[in-house]
Each structure stands twice: as structure tokens, then as C-alpha cells.
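First to last, the protein sequences are chains A, B, C, D and E. Under this note's numbering, the first residue of the first sequence carries the number 3, and numbering increases by one thereafter. Under this note's numbering, the first residue of the second sequence carries the number 3, and numbering increases by one thereafter. Under this note's numbering, the first residue of the third sequence carries the number 3, and numbering increases by one thereafter. Under this note's numbering, the first residue of the fourth sequence carries the number 3, and numbering increases by one thereafter. Under this note's numbering, the first residue of the fifth sequence carries the number 3, and numbering increases by one thereafter.
I should point out that these hints are in silico values taken from the structure, not numbers from a laboratory. Some clues are possibly wrong.
Capping the alpha-carbon separation at 25 Å, the derived lysine to aspartate or glutamate pairs in DMTMM-like fashion look like this [what the hints assert, rightly or not]: (1) Lys209/E with Asp262/E; (2) Lys228/B with Glu183/B; (3) Lys182/C with Asp76/C; (4) Lys222/C with Asp262/B; (5) Lys163/D with Glu157/E; (6) Lys221/D with Glu232/D; (7) Lys182/A with Asp117/A; (8) Lys6/B with Asp66/D; (9) Lys293/E with Glu10/E; (10) Lys127/D with Glu161/B; (11) Lys163/D with Glu90/E; (12) Lys6/D with Glu95/E; (13) Lys226/C with Asp292/B; (14) Lys9/B with Glu95/D.
One letter stands for each residue in the lines below.
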Amino acid sequence: MMTKRVKEILNHYPGENAGVLTNLARLMMSGRLGGTGKFVILPVDQGFEHGPARSFAVNPPAYDPAYHFQLALDAGCNAYAAPLGFLEAGAAEFAGAIPLILKLNNHDVLHDEKDPLSAQTASVKDALRLGAAAIGFTIYPGSSNAQIMYSQLRELALEAKSHGLAVVVWSYPRGSDISKEGETAIDVVAYAAQIAAQLGAHVIKVKAPSSHIELAEAKKAYEKAKVPIETLADRIRHVVQSSFNGKRIVIFSGGATVGDEQLLAEVKGIHEGGGFGSIVGRNSFQRPHDKAVELLGKIMSIYAS
Amino acid sequence: MMTKRVKEILNHYPGENAGVLTNLARLMMSGRLGGTGKFVILPVDQGFEHGPARSFAVNPPAYDPAYHFQLALDAGCNAYAAPLGFLEAGAAEFAGAIPLILKLNNHDVLHDEKDPLSAQTASVKDALRLGAAAIGFTIYPGSSNAQIMYSQLRELALEAKSHGLAVVVWSYPRGSDISKEGETAIDVVAYAAQIAAQLGAHVIKVKAPSSHIELAEAKKAYEKAKVPIETLADRIRHVVQSSFNGKRIVIFSGGATVGDEQLLAEVKGIHEGGGFGSIVGRNSFQRPHDKAVELLGKIMSIYAS
Amino acid sequence: MMTKRVKEILNHYPGENAGVLTNLARLMMSGRLGGTGKFVILPVDQGFEHGPARSFAVNPPAYDPAYHFQLALDAGCNAYAAPLGFLEAGAAEFAGAIPLILKLNNHDVLHDEKDPLSAQTASVKDALRLGAAAIGFTIYPGSSNAQIMYSQLRELALEAKSHGLAVVVWSYPRGSDISKEGETAIDVVAYAAQIAAQLGAHVIKVKAPSSHIELAEAKKAYEKAKVPIETLADRIRHVVQSSFNGKRIVIFSGGATVGDEQLLAEVKGIHEGGGFGSIVGRNSFQRPHDKAVELLGKIMSIYAS
Amino acid sequence: MMTKRVKEILNHYPGENAGVLTNLARLMMSGRLGGTGKFVILPVDQGFEHGPARSFAVNPPAYDPAYHFQLALDAGCNAYAAPLGFLEAGAAEFAGAIPLILKLNNHDVLHDEKDPLSAQTASVKDALRLGAAAIGFTIYPGSSNAQIMYSQLRELALEAKSHGLAVVVWSYPRGSDISKEGETAIDVVAYAAQIAAQLGAHVIKVKAPSSHIELAEAKKAYEKAKVPIETLADRIRHVVQSSFNGKRIVIFSGGATVGDEQLLAEVKGIHEGGGFGSIVGRNSFQRPHDKAVELLGKIMSIYAS
Amino acid sequence: MMTKRVKEILNHYPGENAGVLTNLARLMMSGRLGGTGKFVILPVDQGFEHGPARSFAVNPPAYDPAYHFQLALDAGCNAYAAPLGFLEAGAAEFAGAIPLILKLNNHDVLHDEKDPLSAQTASVKDALRLGAAAIGFTIYPGSSNAQIMYSQLRELALEAKSHGLAVVVWSYPRGSDISKEGETAIDVVAYAAQIAAQLGAHVIKVKAPSSHIELAEAKKAYEKAKVPIETLADRIRHVVQSSFNGKRIVIFSGGATVGDEQLLAEVKGIHEGGGFGSIVGRNSFQRPHDKAVELLGKIMSIYAS
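Just chain A, same shape as in the assembly:
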């Protein structure tokens, strides 16, 4: 049953057509966190982004596309996000079981570049024929190729929305002008969230921010206004604020595999700071199925609290 909180979040998207709202509702009403307005999403694009062995060798059943549908389902995730091939291979078998997010662009590391450009690898029409609830798209703010990706997103988002699909944007700062540390700097992450929101994203995915500040001009502003960025919860609060004052759903990734304690502590910080949830890829599918379900269960328990 539709909850007050989900209704409240949907009200942040007035003027969107009923199709978009329906698909946003689907994302929020599915799985164990259904109805809370919180999200735990399973994304599996690492096969494309990092290569198969780096992604799956540590847990070989994960080579199989069906594995991830089942994992997302067993863990009670809100949605499962993947590139075209992985969704095509299982969407019919798992039809109706869990909302899907089709990633429309992807990047591989066989040609690695300082200023990355993701390739368009699927279409809005694919999302519709696969029954996906949303399209996913990655932008790399800071890349010298960012304009190309912003412009591709512009067209795909317009087409997706007119066909009733929600738009999820992965916003990952990277490029020759940003330091490695800067990629997760609080000012840069907040900026990346803002850019995604301004590009019309319904759901925004960024990395959990550090307390580092990358840009000199930004530093002045943070100091002058005394923006609290000491604790993770502070920083999450700032990113949520930067996402239209909390009117856009913003979720966080943990990135590379880390110890469980550290991961759960981070999730607590995200939750405390008002983040809408987590997207947990490698930390889930790179361990055995039951261990992954257990970990995802702990994460959901935090968000449900």
C-alpha cells in the first residue's frame, strides 16, 4: 500500500507525467524497504566497466546473468541495474519480479583515458521492450568530454520521460583537472549532485564524500558560510541539500570492496545525514550469495530504522 512518505517524495516531482511517477513509485514500493522512501539498489555493470575476471572471479556464480536478478530478489533490493546484455539475458525469466534500471551508457578500461567518455550502449526503446522502470546514465563532470555526455543525457532523458520512464544518473567527477582525492571531495560531490539534478535526473547516484575540498573558490564559500562537513552525516546532509534541498532522491555508493564494519558505519552516516539509500555492487556480488544477502539485510535494517 502506498505510504505517506512515498507520496511525499513523489510530490517533489510535480508536472512529471503519471508514467514517470508510476515508475518512481515502483522503485520505492519494491523490496524490503518498499514504502520507506529508502533505497538499496544492486548495480552490476562491473563486467563491462572493469572486466569479467576482476568482477566475478572471486565469486564465479556471478558470471551468470540470472545470478544477479536472483540476488537482488533474495536480498529484497528496490531495483537491479545493469547494461543491456545482462538485462536481456534475464528480464523475461524474471519479468515482474523486481524493477529494472537499464544503463544506457558504459565505459571500459581497455582504453583508459584521463578524460573519460562513456559509450552509449542501449536505447530508450530497449528499456521499454525489457520492461525497465528507469534508464540509467553515467556522466563524468570534470572530463573534457563532459559536454558530450550531458548532451546525450539531455536527449535520452527527454525521450525516456515522454515514454513514462524514470531517469537515474550516476554522477562521477573525473578528468584531467581533478585530483584523485578531488573525485570524492565534498565540494566536488555536492557539485556533481547539483549538475545531475540540473540535467533533470529523478534519482542521483554519487560517491560518499570525503571532507577534502578541491576547489579554491569553493573552499572560501564553505569557510565563510561555516558549512559543517566534519562528519559523514554532515557531508551527506550537504549533498542532499545540494540536490534541490532534498527534493531529488540522492543515493550513495561505497565504491571498492571494504570491510563490513567500515561499510555499515558509512551506511549509518548516510542514513543519519538524510541520504536516500545505497547502491551496493562489488560489496555484494563479490561475496557468496548468502553472505551478500546477509550484508544487504544489515544495510536495509539501518535504513529501515
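Once you've looked at the hints, dock chains B, C, D and E against the given chain A.
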């Protein structure tokens, strides 16, 4: 959670894309009968088909589009079906609450004709922007205008399927060559179900058949093969068989308002004969909300048994 | 300043895009009645529909397209509605002065028929380049050509909405199955309003209804439910109810020129019954400019009370 | 392995693209008669054309779409032809097992008319997505609606050929100017074959002709030229000649169920007269599976001799 | 007759339409290996890719397009793959004799670049008019132009699938960031297979991998998970696993001409490792016809064992 029975029914639609299967699954996994493979759908097109006073004066809250969304939801229906205007007026407010079927054609009685032709009143693009799970389309086999409607359905169904939408066909025999009694004759109803199935319908809606046989050639066939048509259950069984041996979902309408006893007896017959469910319009929205929920509850209890 | 009442009315169109809402707001925030949620619109399509002499000979300045823009402006109307040529001739000169409604179809009497079919005479693209706030479209429910017009409206409304334009539908029952008296019968007018609403109209224009009931089946329903239809206010109330329980803007025309007393009495009835306003053509532009401004002023005073 | 005879027949279609030739070759290289240039095709459109009970009650397993795929396969037919619904229900399961012909138009008897017009019920796009080798289309030469069907065929055949699909035309003379006897008259059947060939059919299906001559002018010509039409073989030879001197594949139907002796005698006549084969519907699926396989086997043995 | 193994493989492509499944079945049911689920394909694009003399001077009859159709046929290959011109020149003559794969892009060495970009040289419409069973497309993961090719494939694959064609992807790592040795490194080949699968390929063609590991990050993963890559069979097994755990057909090329012993040993390794087959170009058409048939026969014997 997806049930074995729903999976079994979905397997009757091999080769359909995952989008179509997802939307069929949505219809079968929603509401109180979710997971049973049985259907109770609320259709409200009578405002268009018969006029507002004839439809709603007896229960004035039903003039309001929101009323029907809420009724379908409160009663636990699988889906709510209506023309463009009624869905536009409530789909955003009720986004994600219940699967919708957008009726793409409608007929009014201001110009009544022996050989009716429904007007196209909405598009597949409307269904997508409204977040509908399926398009609905009415054909009048027996009308001299039937060819036009078959051909319109052909194009709309192809477009709908390629965009991942399910196709629900109302198949109502009417026309200058069919007697009033013939419109619900067992041979004619079974024929109407077959035609809808051959036109590519995923879900077929026909009227509950009487034991009358309309066509002379058919009469010979029924007698020669001793097709049992005495009880309603017998006749339902025959219509289900005529819908690709039960491989197409076929549901039944009760037509005009009747006494509850009679209606529930009919539902028992439909259930006993293996029918997939009922579509209950006037018998639900033309009585007070709570009485309607009560009646629909009784109907669902029969199908759930 | 946006008023509470206008906000309230806009809330009846959830899920419409901001462009559509903006144009609906423009119609409601313009002129002397701006902010009240009431409408007085000047329509001038009689040159096309009845011929120039029948329309303008009695007040020759009205041959000039600029005349009507100025009249609507001087009188403080919410909007001015006309066919392509009239708008093209003045829209640039009066740009920004008053909201425009471009009528996309029109009918002339050089070829008169029992079952009329209006010709498409302008496009959504025309409406955009002319800066119109809405498209206008006439349907003739009851005509054997009604299906064609419904289907044309379906396509034009979808296109208009996706381009952010509002949709105004003139719904005039006419055809070989409807008596002359029936064209304004309460059941037929309420039905015509319902059909326009179901076809997705944002604003509906019908004729003020008489207490005659045309259809036998409808008569039973009115009598059974004891729908009050004695006074004009009663009947207006019923038509408003038939327009999605007042969730669609429904306005009324007076038809042929009548005495001012009679016209103002009718307006009082419309206002008392909860109608959203009047569309006053011949009764305004077929008298001298100042007399017209005076009469329209009196009408607005009633709606403003 | 491609045979000389099949090559020879393909050479009758010079200038057709390789896709069309490939699909014609598929039809000729499949099943037990593969390579002989002879055809036995299973067509099952009677569910649509005559109604389900008249078609299947005598052999109830035939209500199931999968039954006919399996029957055609078990009997070793060259191809299976059916309307959209029947093919959609089994094409994925039987993918690659047997060439399919999608019938793009169909006619039902709920509205029966002297001058029939088949409704378009599927598209070339459907044929492609279903993996069909050919489209099928019925024309009724002699119907006052014939021009409409010729013109529809013109467009569909052009589209089909440009997409590499073969075109099979059912040419059945019927209409208010043709007597019942005339429908199978030798002059009329030969004329129907010629019309189909002139419309661009690759494969033509007509009824086995009687020795009756319908048209007075034709009678003179047959008598003057002493065209032999006494035996069935004579008449078949004449129809084959009328199909571009044997350069178009022309096959024959037996029509209503008849005794096996009579049917086999007819097949012998067709074979002797140089006919390319038989299309056997009701005589096969209206008897038990094994009996049907047996009968079809006998027919194939005649053509293989 | 369709085999259990072919059915099993087709079941890895649920949700694909019957047309795609039919063409995949055609590829698997043709030639000497028909029914085994194994493939030997003859590809001849070297005329375009390397120039005519480098390709054909050593065996001049191979300059003739007909030569290769006949060779593929005589050897009993599953399919013949070539660019537009070669197929146009022979597809009509060999219609129906052998499944064709039309390569939609090609690259020549007149302009050689470190980061290659294949040119689109044919269309899906060409594939249809030529009667091809599949489109072929080459991507160069690792090229700085890879994104362009991925995006082209995205559009062509969507169009091909909706028209019922299968999609075969040649995935050849090449580019300024990859060493010559790296092009066949196990990690790079497995990655290339994964990328093709994620882009929606039904059949993937890669080079037989060496035990070299190119990428530092990958090296860690292989070592950590102790992925066995010592023998060719080990490595093939890993590539098959990387192709959706064996749910995508992956076949291997031998590349440059080598000694027969070495080639056959390699084929044994591919077979032992669970590879789906070989694509053998230069090693077949650059020797006399009979020798080529002999060699291909030996290869097929290995796969049939």
C-alpha cells in the same frame, strides 16, 4: 512474490518481450487475487458509452474520476480500466497504486447504429505517459465495420507490444446480422474469443455466454461433437478452450446490473468452468462504495477458493 | 498574483506538464476576471461558420480582424478564440495583450449536412508560432462522422499537450439521430460534456441546456435518481457534475443573439449553478464596440460577484 | 542439398532479391517433399474464418496452437500457415522447426456478405518478428470489394519483398456476380490464378477446378481453342498454364472434408496435371493426429512419385 | 530435426522474438555440425580488410565471390559471413543453400591507424533483402574510437532484432593502449567477450587467447582467485564463462595462417574448453578448394566428437 501459477500463465506467451511479460505479471500480481492467476478488474467506460447520468446518477460520488481509482484500490482489484479522460484525471495522484488499462477506443450512443464502429480516442503514447500496464481495445465482430476495427487493433497492438505494453481486447459481437439473443449465444461468444486471440490479444474479455446457438452451421458442429453447453460452467469451459485451449487469459463481464445472488452464482459458474476472472463495472460503481467493496470482496473470495 | 482558487483548479490537472498548467493559468489570470477562476471568452469563428455578411454586416468594423482583439482586450475577456486567418492577422500586433485560442477545425455552411464533419484548418504548429495558449477543437457528438473528429482530436490533443498547450473542446451534439430540440436537451448536453472530458479536454464548451430529455434510457435514469433539472442553475450543476464532478472547466454559450435581459438571466443561472463562465460571440461583436464592452462588463460583474 | 528442380523453379523468379529467393527455397527444401519442388502445406485459419467449434470440436486437441505446429512437423509438411494469434502462440517454441506463413488478412462469418472483404489482421513487421518465410493474403476476385483487397496486397507485397519475404496469395473467386458453381468453374479458377500472378504472387493457392464454365465470353474462347478440360488433370494443366505457363507455383485446396478416396484421387489428378501441390487444412486437423499424419503421408507419397 | 542441445541453447535467449530464435536455430541446424550446437563458420572479409592480393593471390579462384559460397557449402559450414559486395554477388545464386551473415562494418588498411574505427558499409535492410540470418559487426575494444562503434552497434542490433535477425559481434581488442601481445591476452580476450555480450550480441567471435595477462589490475584478480589459464582449454573455459557463464555462443578464430597441426591442436583445445566453435577464414580460402574442404572436415570432426 511471483507464484508458480503466474509463471505458468506467463509461459503461454513465449517470444513476447520482457516488457510485455512484465506488464502481464503486474496485472496478475496486484490486488487481493495477486498471485492466483485470477482477475477481478474494474472498468469504467460507461460515462462515455452510455452517458454520465445513466452511469453515475444513482451513485453521484462516481462522477468524480478519483472515486474509481480509490474503489478499485479499496476492493483490491487487479487493475482499473478507463478511457483517456478518466485516467488522465487520476493517474498521477494514484501513480503506482494499481495497474491501469487505457481504453484506446470508445463508442457513444448519441449516434447509435446497427453496425457499430468505436472511435479511436487515445494512443499508445498516451498509455506510456500515463504509466498504463496495458492498452484496451473493443472490437464488434459481426458489425459491417468490424474490418476497420480489426485493422486498427492490428496496428495498435504491434505498437503496444514493441513498447512493452500488454493488449486487452473487449470482443463484443454486435451487428445487423446477429440477433439480440445471438450476441451472447455460446457459439458467437466462443467465436468472438477466438477472433480476439487470433488478433494477438493477451487478455480477452467477453460476455458470459447463454446456451443459445445462433449460427446454423455452428449448431451442426456442436451437436455432432456433443459439446456440452448445458451449465454455465460447461459453456465457460468451451470459451476457455476456444481461447487457444486456455493459453489466453479470458475474463467475463456480467453486463447490466443484476441481483447479487444471480451475479455471484454466475461468478461461481465462471470459476468452476476455468474462467480467469470477471470484469465488474456497473454492478460495482453503481452502488455505494462500501457495498461495492463488499460485493467485489465476495467475488474475489470465490476466485480465491 | 496567483490566487488560491486558480491553484485549486490547476490541482484538478495533476500529471499535466508545467507547460499545459502555465497556459491554463494564463487563461485564468487574464482580464477582468483574472484570479477568480471564472471565464468570459470572446470567440469569433462565425465568419467561417456562417459567412461574413451574416456575421459582420450589422456591425461593419467587425470585418477587421484587429477589431476583435481590441474588443476582447477592452472588455477584459480572459481570452480570444478564432480560426487561423483571424489570429494570423492580429496576433503579432496584439502579442502579449491577451491569451489566444486557435481553433484547429471549422465548418462552413456552403456544404451543409445532417451529420456534420468539421475540417481541420490549422495545426498545433500554427498555435505555437502564433503564441496561442490553447488549441480549440469542435466535435459533433451524434454525427455519423463523430468517430473521425474524436480520432483527430486524439492526435491533436496529444501533440498539443506534449508541446505545453491547453486543449479547449467545443462539444456540440448534432446529427441525424438527434432532434433539433435534443441538441440542447439536458441529457445530451451533459453527455457531450462527458465525452469531451473523456477525450482529454482541459476546458469544455457546451450550450446552455434546456430541461428537455432526449434519450429514453436517459429519461429513466434521471427519473429514478431524481436528478433535479427544473431551473437552469440545476441543469448547469448537473453538467458541471458530468464534467468529472467539477474537475474540468466547463463554460457555456448563449448561442444565437437574444435580448440582453434574457442573456443576463442565463448568465446568472450559469453562475448560480457553478458554471465556470461564458463564451459570448454574436451577442458581443454584432453590436457596436461600446455596447459590447458594456454588456460583457455586466456579464463579468455577475461572475465576479 | 539444393536440388536441380528447386533451382529450376527459383529461376522462374529472376530479379527477385536473394531474401525472397531464400525464403522460397526454404519453403521448397523443408519437410518430406523437400527438394522435389512439390508442396504440402498445413493451413489453419478456420478458427477465424469459421469459428472454433466448427473447426476444432471434432478433434479437441486442435484447439491448442501448439498442436498444429507439431502436426505439420510430424507429417513433414513444407510449411504451416496461420493468422497472427496462432503463430504468436507457438513460433518461439517451434523456432526453426518449420517454415511459417503469416496470413495478413482474415475473414469471419459473424458478418457474412455476398461481396466479402477480408480484414487486415497482421503486418509485414509481425511476419519478420515471428521469423515467417512468407506472408499470406486472401483476395476474393469477383467481390465488389476486390479492388480494396488488390490494393492492400499491392502495398503489403511490395513491403514484404523489400524485406526478403515471399508472397503467397489465396485467390478465391466469390461475389454477387458469381454463381456458387462458378466459384470453382475452370474459367474462373484459371482467371483467379492469373490475377494472383499478375498481382505479384510468388505462390498461388486456388481451389481445384470443376469443368463448369461460368462466363459466356470465356466459354466461346475455350470452345474455339478446344482447351481440354475434361479430366481434372486437364484442368490443372490449364490452371498451371494460366499461372504464367508454369512459372508461378500454384497449389490447390480440397475445401470441405471429403472421403479419403476422393481426396487422394483429386491429389493424383493435381499431380498428373503438373500442379505444384496441395494445401490441406480441414482434412488433416479435423481428424486424430495419427490419422492426419497418415493421410498427409499418402498425399506426399503421390507427389513424391 | 531440432535437437535437445539446440533447444537448450535457444533457451538462453528468453524474451527474444521468434524471428531471432528462428535465425539462431538456422545457424545451428545447418551444415555438417547441424544439431550439435557447434559451429564452423567461413568468414571472408579479408579482401576488404587486407586487400585482394594479400587475400586471394595465393589461391586465385578465391577472387570470385561464388567460390566462397561453394566452399562453405562443400565443407558443410554452418554459415558464410562476408561484406555487402561478396554477398550481393552470390546470395541469389546460392539462395537457401547456406545461412548468411552480412558484415555491416569493415575496415581497410589503406588508412591504418593505431586506434581503428570500422566503417559502416551495409544496413539491416541489406541483410533482409539478401536473406541473411544475421548481421555481423566488428568492435575494437581498446580503440579510442570504441565508443563510436559501441553506439553504432547499439542502433543496428536494436533494428536487427526487431526485424528478427540474429546479431554476431566480432570483438577484437586493438588500440594505442594495448600492446600487440595484449590483443590476445587472456584477460583482454575475456573482457572483449564480456563487452560484446553486454552490448547484446547473440554470437560472439574472439581470438583464441594466450596465457599473457595485459592489465595490472586484472593480473591481481586472476592470481587472487587462482583462475586456471595454463592450457588453451583452461583459457577457453574462462572466456566461455566470461560470456555470461556459457549462455552466449562464443566462437574462436585462429587468426593468421598457421600449420595444420597447430590449428587442429588449437581446435581441440577450444572444443575441450567448451568453446562453441571456430571461424576459419584465411586457413581455408587461402589453400586449394579440396584441401580446404579436407581441413574444415577435420575441424568439424573434432567438434562432432
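How the hints compare with the structure:
no. : hint                   : in the structure
1   : Lys209/E with Asp262/E : holds, 17 Å
2   : Lys228/B with Glu183/B : holds, 22 Å
3   : Lys182/C with Asp76/C  : violated, 36 Å
4   : Lys222/C with Asp262/B : holds, 22 Å
5   : Lys163/D with Glu157/E : holds, 23 Å
6   : Lys221/D with Glu232/D : holds, 14 Å
7   : Lys182/A with Asp117/A : holds, 13 Å
8   : Lys6/B with Asp66/D    : holds, 21 Å
9   : Lys293/E with Glu10/E  : violated, 34 Å
10  : Lys127/D with Glu161/B : holds, 10 Å
11  : Lys163/D with Glu90/E  : holds, 16 Å
12  : Lys6/D with Glu95/E    : holds, 12 Å
13  : Lys226/C with Asp292/B : holds, 21 Å
14  : Lys9/B with Glu95/D    : holds, 16 Å
Against the hints set out earlier in the document, violations occur for numbers 3, 9.
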